[in-house]
Amino acid sequence: MTTVQSPPPGAPSRRPGEIVIEALIVLAGASTVIIVALIFIFLLREGINTFLDIPLRQLFGQRWYPIEGYYGLLPLLVGTALVTVGAVIIAVPLGIVAAIYLGEIAPTWLREILKPLIEILAGIPSIVLGFLGWVALAPIIQNLGAPTGLTAFTGSLLLAYMSLPTIISISEDALYAVPKEYRDGSLAIGATQWQTIWRVVLPAARSGLVIAVMLGIGRVIGETMAVLLVTGNAANIPAFGPGMFFSPVRTMTATIAAEMGEVAQGSLHYNVLFGIGLILFLITFTVNWLAARLVGVNGARRSRGGLL
Amino acid sequence: MQNKIEVSDFNFYYGNFQALIDLNIPIHAQQITALIGPSGCGKSTFLRCLNRMNDTIAGTRAEGKVLLDGEDIYAPHVDVVALRQRIGMVFQRPNPFPQSIYDNVAYGPRVLGMARHGSLDQMVQNSLKDASLWDEVRHRLKDSALELNPGQQQRLCIARTIAVQPEVILMDEPCSALDPVATLRVEDLMRQLVSNYTIVIVTHNMQQAARASDWTGFFWLGRLVEFGRTETIFSSPKQELTEAYITGRRG
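In order, the protein sequences belong to chains A and B.
Going by our numbering, the final residue of the first sequence carries number 308, and the count climbs one at a time with no gaps.
Going by our numbering, the final residue of the second sequence carries number 251, and the count climbs one at a time with no gaps.
It is worth saying that the hints were derived from the structure and are not from the lab.
What you are looking at is a predicted structure, and each value in this text was computed from that prediction instead of being measured.
Check each hint, because a few of them may be wrong.
[As the list claims (entries may be wrong)] Listed next, the in silico SDA-like pairs over lysine to any residue satisfying Cα-Cα at most 20 angstroms (straight line):
| id | chain 1 | residue 1 | chain 2 | residue 2 |
| --- | --- | --- | --- | --- |
| 1 | A | 180 | B | 177 |
| 2 | A | 180 | B | 44 |
| 3 | B | 129 | B | 80 |
| 4 | A | 180 | B | 92 |
| 5 | B | 65 | B | 83 |
| 6 | B | 65 | B | 52 |
| 7 | A | 180 | B | 176 |
| 8 | A | 180 | B | 47 |
| 9 | B | 238 | B | 228 |
| 10 | A | 180 | B | 24 |
| 11 | A | 180 | B | 45 |
| 12 | A | 180 | B | 80 |
| 13 | B | 129 | B | 189 |
| 14 | A | 180 | A | 268 |
| 15 | A | 180 | B | 14 |
| 16 | A | 180 | A | 244 |
| 17 | B | 238 | B | 24 |
| 18 | A | 180 | B | 99 |
| 19 | B | 142 | A | 203 |
| 20 | A | 180 | B | 150 |
| 21 | A | 180 | B | 54 |
| 22 | A | 180 | B | 60 |
| 23 | A | 180 | B | 56 |
| 24 | B | 129 | B | 115 |
| 25 | B | 142 | B | 121 |
| 26 | A | 180 | B | 93 |
[To be verified] Here are the simulated distance ranges between beta carbons:
| id | chain 1 | residue 1 | chain 2 | residue 2 | range |
| --- | --- | --- | --- | --- | --- |
| 27 | B | 136 | A | 222 | 49 to 55 angstroms |
| 28 | B | 8 | A | 111 | 34 to 40 angstroms |
| 29 | A | 240 | B | 86 | 53 to 59 angstroms |
| 30 | B | 9 | A | 105 | 32 to 38 angstroms |
| 31 | A | 203 | B | 223 | 41 to 47 angstroms |
| 32 | B | 195 | A | 114 | 49 to 55 angstroms |
Glycine is no exception: its CB is placed at the ideal position from the N, C-alpha and C atoms.
Can you make the complete structure from the sequences, with help from the hints?
Right, dumping it as structure tokens:
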């Protein structure tokens, strides 16, 4: 505990209770850092063999068939990419438009009903949504003409739905942080409300909106149970083209969840699953780091100027 | 003298609170009208009624007439967006958009579809010149407006306002965030602009009203206590309350 300094002369001496509380707070803060570090070390220890034992060429091969010793991660990476890109394409416009409606257009009474509802949406367990997707959504997709209802697109829809609360609520915060003076200035010139939103409010909130999107992506990449249920669990690479969204795929997360129960501990297969976890960890870490950097840029810009 | 705006029997409410009571005020064309009075007396509220900016606040209600060139701006068929193009506004705190200097001034002409390619540059230049800011920013038009000092920011906001060629400019304590030198520059600017525009300014600063305006209205608790020529109001006010406020005994 180096943070505790001796009180300056003349100041009342520190009470013992306060020292204890401060120690607890420091411990709580430090524990999160330590736990993250431990998780990373554990993942590294269990997963590092993936990258040492399997030649890179095979690791990025096209066949994922662990029983016969094929550990090509490409189908899983493509699966995750397809599902994520699809979800982002659906969720980002929808989420930002919903935030604009909530923050700029909806009357106060309606906003006070909608906001808590959106936050409840965020609390629905993903397995429940996955189940709904399997029972209700998949048949609809199949009726639309896909060979099966369990496709990347089905997963994208579900994940878009799951990331919407995050995107909406952070976007709305970003819009809320735009000073009212900007809107007044624009309206007073004779701009319409829509012009004001499009040309002044959205650009001013840009970095906050980017963060909302980043955190939404983070949520999508890491999600497991829902995609496990609805994406069809086929570890193959669909033919390139728009149709690939309507093919069954399997994501990295779903692979870990589906196979972890069956592998022998310490086997290469086991190590590879941890290797996949390590890759996921690095991806989400990168996304969060990017988001944090953008917040930092934003903060620096605020302190430089803005309204007086 | 012609009245640009004629306010008659005007009342204004925030919910159940009546903020403005039975106002009758003439705003003379191409003159500067100053509105003075203590905080909360309704002078800013009144100013925001003149371009219906108070419409953006929920639960407000206006009664009576505000005639702009003889037409009631509170009539049902009035297009508020078009109205605000005719009656521009400069705010208490400089509020340039977080965009370049050029884009700030070009904003109005762009959204109103006034500019056709080549002429936009000319419009921006003219507006900045009219706001006596051109010489300071001509080489940095692409820089962020937020890098200007507060006095420059406020003159940029004036340039942004006159870029859409309004008829009336409303100024809500435009110098309250500025230092004395920047304040004097804005006052000089007002004197230049008034040959083309009608200006209404709300101010806390009595000297500013005396220095810069042609007409002065004194507000007290939502009522207009006295209105007249600025020299008359400051040299021989008719109401005791006006005299008490101007000399600093009340307020």
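Evaluated hints:
1. For the suggested pair residue 180 of chain A and residue 177 of chain B, the alpha carbons sit about 17 angstroms apart, so the restraint of at most 20 angstroms is met.
2. Between residue 180 of chain A and residue 44 of chain B the alpha-carbon distance is near 16 angstroms, which keeps this suggested pair within the 20 angstroms criterion.
3. Distance restraint check for residue 129 of chain B and residue 80 of chain B: the Cα-Cα separation of roughly 29 angstroms exceeds the 20 angstroms cut-off, and the hinted pair is therefore not satisfied.
4. At roughly 13 angstroms between alpha-carbon atoms, residue 180 of chain A and residue 92 of chain B fall within 20 angstroms of each other, so this suggested pair holds.
5. For the given pair, residue 65 of chain B sits about 15 angstroms from residue 83 of chain B by alpha-carbon distance, which is consistent with the 20 angstroms threshold.
6. For the hint linking residue 65 of chain B to residue 52 of chain B, the alpha-carbon distance of about 12 angstroms falls within 20 angstroms, and the restraint holds.
7. Between the alpha carbons of residue 180 of chain A and residue 176 of chain B the distance comes to roughly 18 angstroms, so the proposed pair stays at or under 20 angstroms and holds.
8. A threshold of 20 angstroms between alpha carbons decides the hint, and for residue 180 of chain A with residue 47 of chain B the separation of about 18 angstroms falls inside it, so the pair holds.
9. Among the hinted pairs, residue 238 of chain B with residue 228 of chain B is consistent with the structure: their alpha-carbon atoms are about 10 angstroms apart, no more than 20 angstroms.
10. Restraint check for residue 180 of chain A and residue 24 of chain B: not satisfied, since their Cα atoms lie roughly 30 angstroms apart, outside the 20 angstroms limit.
11. Simply put, residue 180 of chain A and residue 45 of chain B have alpha-carbon atoms about 16 angstroms apart, close enough for the 20 angstroms limit, and the pair holds.
12. For the suggested pair residue 180 of chain A and residue 80 of chain B, the alpha carbons sit about 19 angstroms apart, so the restraint of at most 20 angstroms is met.
13. Taking the CA atoms of residue 129 of chain B and residue 189 of chain B, the gap is near 11 angstroms; set against the 20 angstroms cutoff, the hint holds.
14. The straight-line distance between the Cα atoms of residue 180 of chain A and residue 268 of chain A is roughly 59 angstroms, outside the 20 angstroms bound, and the hint therefore fails.
15. Between the alpha carbons of residue 180 of chain A and residue 14 of chain B the distance comes to roughly 19 angstroms, so the proposed pair stays at or under 20 angstroms and holds.
16. With a C-alpha separation of about 45 angstroms, the suggested pair residue 180 of chain A and residue 244 of chain A falls outside the 20 angstroms cut-off, and the hint is violated.
17. Between residue 238 of chain B and residue 24 of chain B, the direct Cα distance comes to roughly 17 angstroms. Compliance with the 20 angstroms bound is thereby established for this hinted pair.
18. For the hint pairing residue 180 of chain A with residue 99 of chain B, the CA-to-CA distance comes to about 16 angstroms; that is within 20 angstroms, so the pair holds.
19. A hinted pair counts as satisfied when its Cα atoms are at most 20 angstroms apart, and residue 142 of chain B with residue 203 of chain A qualifies at roughly 16 angstroms.
20. Only pairs whose Cα atoms come within 20 angstroms are accepted, and residue 180 of chain A paired with residue 150 of chain B is accepted, the gap being roughly 18 angstroms.
21. Distance hint between residue 180 of chain A and residue 54 of chain B is fulfilled; the C-alpha atoms sit about 13 angstroms from each other, no more than 20 angstroms.
22. Between residue 180 of chain A and residue 60 of chain B the alpha-carbon distance is near 18 angstroms, which keeps this suggested pair within the 20 angstroms criterion.
23. A distance of roughly 11 angstroms separates the Cα atoms of residue 180 of chain A and residue 56 of chain B; the hinted pair therefore holds under the 20 angstroms criterion.
24. Of the pairs offered as hints, the one joining residue 129 of chain B and residue 115 of chain B holds, with about 18 angstroms between alpha carbons and a cut-off of 20 angstroms not exceeded.
25. Between the alpha carbons of residue 142 of chain B and residue 121 of chain B the distance comes to roughly 12 angstroms, so the proposed pair stays at or under 20 angstroms and holds.
26. Between residue 180 of chain A and residue 93 of chain B the alpha-carbon distance is near 11 angstroms, which keeps this suggested pair within the 20 angstroms criterion.
27. A hinted range of 49 to 55 angstroms holds for the C-beta pair residue 136 of chain B and residue 222 of chain A, which are about 52 angstroms apart.
28. The hint said 34 to 40 angstroms for the Cβ distance between residue 8 of chain B and residue 111 of chain A, and at roughly 38 angstroms that hint holds.
29. The hinted window of 53 to 59 angstroms between residue 240 of chain A and residue 86 of chain B holds, with their beta carbons roughly 57 angstroms apart.
30. Checked against the given bound of 32 to 38 angstroms, the beta carbons of residue 9 of chain B and residue 105 of chain A, roughly 34 angstroms apart, stay inside it.
31. Checked against the given bound of 41 to 47 angstroms, the beta carbons of residue 203 of chain A and residue 223 of chain B, roughly 42 angstroms apart, stay inside it.
32. Separated by about 51 angstroms at the C-beta atoms, residue 195 of chain B and residue 114 of chain A satisfy the suggested range of 49 to 55 angstroms.
When held up to the earlier numbered hints, the structure conflicts with 3, 10, 14 and 16 and fits the remainder.
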